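**Student:** What follows is each chain in one-letter form.
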Amino acid sequence: MALTESEYDRIEAYLEGTLSPDEQRQLEAELAADPDLQQAVDEHRVIWEGLQVPVAVEYFQEMHGQLEEQGLLEFDELWVEAIDAEQHTSPDHSAHPHSDHDEPEVFVTSDPKTGPDDTTSHIEVAVHDEPETPHSHPDHQPDDWDTPLDSDSPDPHYNDPEEY
Amino acid sequence: MILPPNPCSAFATDELLFAGLKNSDDRAYACLYAQTFRSFAHYVQTHQGSMEHAQDAFQQGMAEFYVAVKSGRYQLSPSARLKSVLFEFCKRKWINELQSARYRHTQPLEVYVDRSEDDPADALMAFSENVSKVNQLLRRMGENCQRVIDLFYIQGKPLVEIARIMNYTPQTARTKRYECTEQLKKLFWGTGQLN
Chain D
1 MALTESEYDR IEAYLEGTLS PDEQRQLEAE LAADPDLQQA VDEHRVIWEG LQVPVAVEYF
61 QEMHGQLEEQ GLLEFDELWV EAIDAEQHTS PDHSAHPHSD HDEPEVFVTS DPKTGPDDTT
121 SHIEVAVHDE PETPHSHPDH QPDDWDTPLD SDSPDPHYND PEEY
Chain X
1 MILPPNPCSA FATDELLFAG LKNSDDRAYA CLYAQTFRSF AHYVQTHQGS MEHAQDAFQQ
61 GMAEFYVAVK SGRYQLSPSA RLKSVLFEFC KRKWINELQS ARYRHTQPLE VYVDRSEDDP
121 ADALMAFSEN VSKVNQLLRR MGENCQRVID LFYIQGKPLV EIARIMNYTP QTARTKRYEC
181 TEQLKKLFWG TGQLN
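Each protein sequence line maps, in turn, to chains D and X. Here UniProt numbering is used: the first residue of the first sequence is 1, the next is one more, and so on. Here UniProt numbering is used: the first residue of the second sequence is 1, the next is one more, and so on.
Rather than coming from a laboratory, the hints here were simulated on the basis of the structure. For clarity, every value in this text was computed on a predicted model and none was experimentally measured. Any given hint could turn out to be false.
Examples of chain X residues lying across from chain D (beta carbon under 10 Å, computed) [stated by the list, open to error]:
1. K133
2. L138
3. R177
4. L184
Pair by pair, the computed Cβ-Cβ distance ranges are [as the list claims (entries may be wrong)]:
5. D:T18 to X:V160: 15 to 21 Å
6. D:A13 to X:N144: 24 to 30 Å
7. X:M125 to D:T4: 32 to 38 Å
8. D:A33 to X:I2: 43 to 49 Å
9. X:P4 to D:T4: 41 to 47 Å
10. D:Q61 to X:Q146: 17 to 23 Å
Idealized CB from N, CA, C, for every residue including glycine.
Just need the whole structure built from these sequences, with the hints factored in.
**Tutor:** Dropping the structure here:
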C-alpha cells in the first residue's frame, strides 16, 4: 500500500519525532489497528532513513573539524611509538597492575579482530596511576580524554552527569 | 557547533551516552566520535587506506549509525560497548569497500572478522546496505526528481522555496515531492520503473 499524499506530512513528522504526544499516540493506535498503514510507514521509513544519511555526513564533517580544532583527535607519533613499544615489550607488563589486560585498546595493528573492546581495564589503570597528569606519560595519552565512560572513574566529576 | 573541552564529561556510562545520542546531543556524538575515530583511522591506515579514506569512511559510518539510533533501528546492546559496536561496524564497511571492485585487483586482502551470533553490527550492516541502495537509486532517477528530493530532504528547503527554485507552483512542488518519493520507494521495493 502506498502512503496517500494526505498522510505524507503526518508520517514524516512521526519519523522526525516532531508529532505532539497526543498525535503520536493517535498515529500509533492507527498503526496497531491497520497493518497496511504500518507497512506503508515501514516502507517510507527505509527511504526516509536513506535520505537522512547525507545530511548526517555533513554534520559529522563539521564535527570532525571542531574536534580537531580542540585537539581531541590528535594522532601523534609519540603515542604510536609508545603503543608499539608496549606491544613489543610484553615482559614489562609484569610490573604493571592488570598487566594481563594491558593491551592498547585502540591499536589493533597485529590483530584486526580486536576493536576497542572494553572488557579490558587498562584505561582505569592509566587513570588510577596518575589521575592528575594524564599527559605526563606517553602510555596514557590515547585514552586520557575518554575516561569518563568508565563508571568507576576516580574523578568525581565524571560520576555526576547532572553537573553538566 | 560548540563543544565543551571534554565532550565525554556528561556521559559516565554507556546508558547515559546512549540517552544523549537518542536526544541528538552534539556532545554525545562528539564523545563517541572522538573515542572511536583514532582507533578506526589506525585500522584503515594499516589496511590499505589513508587518513583521508579513514575520515570519509568513518563519517559515513557515523552518519549511518546516527540515523539508525534516531529512527530506533539501533538499540543499546547490553553485551557490547557503543564504541566497540561503532568500530566493528565501520571496520566491516571498510573491509567491504576494500573487497569491492575498486580494490579487488590491486592487493590481496587478508582480514579477519570476528563473527558471533547476535552481533549488534549485523543489524547496522543490513541498515547500511539499505542506505546505499536508496542513494544509488536516487542517482538513477530523473533530474527533476533528484533535484526535488535533494532540495527537500538533503538541503532541508521548505516546499515554498523549492517551488521558487524549480519554477513550480507550491502545490506542484508538494505533489512532485510526493510522486518522486513514491517512485523511489517503488524502485527500492522492486515494483517500479525509472522514468
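**Student:** If you test the structure against every hint from before, which numbers come out violated?
**Tutor:** Failing hints: none at all.
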